[in-house]
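Engineer: Sequence:
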Amino acid sequence: MRLFHLLVLLCSVPASIAVKSSDFKTCSQAAFCRRGRALADRADAASSWTSPYSVNASTLSLAPDQASFTAAIKSALYPDIKFGLDVRIHDDGAVRVRMDEEDGLRKRYDGAASWALVSEPAISKNIKWSIGPTEARAKYGENGDVEVVVAFQPLKVTLLRDGKEQVVLNGRGLLHMEHFRNKQESDENTPVDAPVEDGQVVMQVNNRAWFEGDSEDGYWEEKFGTWTDSKPKGPESLSIDIAFPNHGHVYGIPQHATRLSLPTTRGEEAYYSDPYRLYNTDVFEYLADSPMSLYGSIPVMHAHSVDSTVAIFDAVASETWIDVAHPRPGATETHWISESGILDIFIMPGPTPVDIFTQYTKLTGTPSLPALWALGYHQCRWNYISSDDVRHVQKGFDQEDMPVDVFWLDIEYAEDHKYFIWDKRTFPDPVDMTHDVEAIGRKMVVIVDPHLKRTADYPVYEEAKELGVLVKSASGDNDYEGWCWSGSSSWIDFFNPKSWGWWKGVFKTVSQNGHWSWTESTVDTYIWNDMNEPSVFNGPEISMPRDNIHYGGWEHRDIHNINGMLLHNMTSQALMARTDPPKRPFVLTRSFYAGSQRFGAMWTGDNLGTWEHMAAGVRMVLANNIGGFSFAGSDVGGFFGNPEPEMLVRWYEVGIFSPFFRAHAHIDTKRREPYLLDEPYKSMIRGLLRLRYSMLPMWYTAFRETSVTGLPVLRPHYVVFPRDESGLAIDDQFFVGSSGLLVKPVTEKGVTETSIYLPENEVYYDYYSHDAYRGTSAGKEVVVPADLSKTPLLVHGGSIIPTRERPRRSSPLMHYDPFTLRVALSQDGAARGELYLDDGVTFSHQDGNFIWREFTADKIDSTAKSVRIVSRDLATARPDEAVDGVALAKYDESNAFTRDIVGVRVERIVVLGLAGKPTRVEVAGRKLYWEYAPGIAASDKREGVASVLVIKDPGMSIVSDWELTIQA
1 MRLFHLLVLL CSVPASIAVK SSDFKTCSQA AFCRRGRALA DRADAASSWT
51 SPYSVNASTL SLAPDQASFT AAIKSALYPD IKFGLDVRIH DDGAVRVRMD
101 EEDGLRKRYD GAASWALVSE PAISKNIKWS IGPTEARAKY GENGDVEVVV
151 AFQPLKVTLL RDGKEQVVLN GRGLLHMEHF RNKQESDENT PVDAPVEDGQ
201 VVMQVNNRAW FEGDSEDGYW EEKFGTWTDS KPKGPESLSI DIAFPNHGHV
251 YGIPQHATRL SLPTTRGEEA YYSDPYRLYN TDVFEYLADS PMSLYGSIPV
301 MHAHSVDSTV AIFDAVASET WIDVAHPRPG ATETHWISES GILDIFIMPG
351 PTPVDIFTQY TKLTGTPSLP ALWALGYHQC RWNYISSDDV RHVQKGFDQE
401 DMPVDVFWLD IEYAEDHKYF IWDKRTFPDP VDMTHDVEAI GRKMVVIVDP
451 HLKRTADYPV YEEAKELGVL VKSASGDNDY EGWCWSGSSS WIDFFNPKSW
501 GWWKGVFKTV SQNGHWSWTE STVDTYIWND MNEPSVFNGP EISMPRDNIH
551 YGGWEHRDIH NINGMLLHNM TSQALMARTD PPKRPFVLTR SFYAGSQRFG
601 AMWTGDNLGT WEHMAAGVRM VLANNIGGFS FAGSDVGGFF GNPEPEMLVR
651 WYEVGIFSPF FRAHAHIDTK RREPYLLDEP YKSMIRGLLR LRYSMLPMWY
701 TAFRETSVTG LPVLRPHYVV FPRDESGLAI DDQFFVGSSG LLVKPVTEKG
751 VTETSIYLPE NEVYYDYYSH DAYRGTSAGK EVVVPADLSK TPLLVHGGSI
801 IPTRERPRRS SPLMHYDPFT LRVALSQDGA ARGELYLDDG VTFSHQDGNF
851 IWREFTADKI DSTAKSVRIV SRDLATARPD EAVDGVALAK YDESNAFTRD
901 IVGVRVERIV VLGLAGKPTR VEVAGRKLYW EYAPGIAASD KREGVASVLV
951 IKDPGMSIVS DWELTIQA
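Once you know that position 677 of the sequence shown is 677 in the UniProt record's numbering, the rest is easy, because the numbers rise by one and skip nothing.
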């Protein structure tokens, strides 16, 4: 390790194996959070308390469409300060509530939504507000069962369904938008008489000190450690309470290492003492159970009960703290406290989890459909140290017949950490090295961080400086200088539009006139954006000072949580701009925000090689799926530490059922490429990798679905069975897409069997042994084997799963491989599944070049011994559902992709749960060869084994319509 690295690590990395908590703020150390929580404390302690904010009814103005209105908001404490309210109902029933200070001394940041949303939501043309003297009401929904009520005095917004409160804004009166003021003003907390309007007292306290506190707590300056944060705009925090009076579980607000159903932070039996924090931060060796902020922030929260699901999206970009409490069983109260920005809240009415995902991704976009190879296995460590090292690692996988699709390079590839500039002492032939990888269908991913080394011999930095697209220091006059891997560094300000075209040019693989471009790369070199919170080694909380200045004059505090998303966005666009026509990009990001799902993948950061972190990673990936970001994963094996073989095998079992599947390790860890393990562990991991690759058709089909509907790839129990009260807090087992696969990762040492919760009266089959388990209508836990070599994996009765079973070295080599169909019959003798395929690389699917098949099985007679299995084209059968934005008018069953793979056949069909041995199996009058193994009845020791019918080489094309019959 170079001396510089050693110095950086010694200075910035704790020696312990836990986060250095003193590097990061708690709520009590953040002035605006202290102020917000103190207001909640005073309100809770008061015998009577009413919010000072009210609607001036005389100013209410309905839009011509009558589905939105604006009004002036007044504060009884500050009658001279003007606020404006804007309430809109979208065409899908979501409600947007915006409030901003008007004609103030300064402007509040209002741009977070513009970065998160895919477009401005359409206002409903069918909903009309009814305006009364004390409130505004709007009813809608298929049965008129949804109602929004905006109470004027005090201001309160309530969403109801069937007359039952679903979401309440400002019900506890904690709304407070700290108005802009001048520093020289003295607030003597002069008592104010309680104003009276329409005979009602709208203010039940008589001085500002009670409401805002009796001192200016961190208004104009704040210290943390050795840093001083100047606050030239003064106090501008925003606080609001959001209640879910009839929902006992809340999920979401990733990223936190905690349970999926969020534990409480307020109340006598609160699980955590601090609120959940959303502030993108480089937290080294983070705790496995904590509300601390981590690398990303998605301010979306689901609230769920067996009756309904609702959600809110708080479009704010600044640091935000969220308290969660259960004031009574079946109810949840939350309190959101943000450092700056406007109130911009979207209320999603549901009423089901499916509806919520549709409503949320209509706002922020569905995950992009990734390249097929990106769903394969990624091999990474900090660092592969040379071209020869990369070639050696590739050879190791090939010699041990282990599939892999991507090799990664961390920061050591770059000369003095000048990203894009190869260190020719160790990587003398980067293009040839990459071509060697690409020769077997594989790809390279190379890290590019947002900090640029401040040196004249670095053309990327010099061009950025000359263009004026670097973040400024607090004065606004000089480019900010901080410390990161490159040493003295500056940061690109991607809020500046001038940076966008320039950044795209940097990734060009051919020379440009007058501008530097990355000619020593290939179009199959993809990118890893790390450290984009941003991480600054010598900055407050290992990040950028909040009073730094970005394009438009905005302080870093205003835009911090969306900062990393812009790098991800622009890098994704840059990769697409390398070729014409473009290829699908792959960009991994560590920092993210709402909407980041449109640009690529994320991972959960610098985890530890412990059982606790393995389990936490499962929950964190589930939470990200709930937050709309399905393409997520955790470092297999843990970034830090040297996991023992048992732990490493179990971590690969977690990895193969993660949407993003990458092994990664710290530079100081022992080499742990899977081919280096001793037997039997090496063979175990080989088998796991092959299982992942065999299931790539299932994974790709799941990603097609999420790219269209927004439904997550990994689905926790409450999403699939929302009315099962017993399963609403389950976060250690999950379903993969609509495939019917139920996964229960083992995340504890020495486990040989585990329990899986089955929520319904249906059969589930063990994927490996075909053991059959049956749930009950009341829910049931079953004990299943958990051998070290296998992930506990059940197939829901009623599912058909397409796989490709030929072992290959990489996924592109599977392009013409045949398919196996696993037909897991339900108790009623039926099953269904889907298969989506395209070329997996380009955007030609948007021109109709794909196949989308449905497979169904149903009984021919009442005995359930005779079954019909059918394949049909879904794109023509369901023309109302697009594929990743494709205009289905362009779709033709004989499209170019279909013609390319018309020779790909179904080579095997496995039918589980047939009621008896068949006498004949045929397709189009042609008899087929088959083998049958009868089932084994349940006993005291086991629940039974399903019958297995294997139809060998039926020979049908995967792209054709066909009907296969199994006759009793």
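Any given hint could be a false lead.
Said to hold, decoys possible - Simulated crosslink set (DSSO-like; lysine-lysine; CA at most 27 Å straight-line): (1) K128 with K139; (2) K362 with K139; (3) K183 with K504; (4) K465 with K498; (5) K395 with K504; (6) K183 with K223; (7) K125 with K139; (8) K859 with K749; (9) K498 with K508; (10) K107 with K183; (11) K859 with K790; (12) K583 with K890; (13) K952 with K865; (14) K780 with K670; (15) K424 with K498; (16) K670 with K424; (17) K395 with K362; (18) K424 with K504; (19) K670 with K395; (20) K128 with K183.
Unchecked claim - Computed spacing ranges between beta-carbons, pair by pair: (21) V354 with P581: 51 to 61 Å; (22) A38 with R723: 39 to 49 Å; (23) E725 with P327: 36 to 46 Å; (24) N478 with T709: 45 to 55 Å; (25) A38 with G687: 19 to 29 Å.
Just so you know, the hints here were simulated from the structure itself, not pulled from any lab data.
Quick reminder that beta carbons are idealized off the backbone N, C-alpha and C, glycines included.
Engineer: State the violated hints by number, sorted upward, taking the hints as numbered earlier in the document.
Structural biologist: 3, 5, 8, 11, 14, 15, 17, 20, 21, 23 and 25
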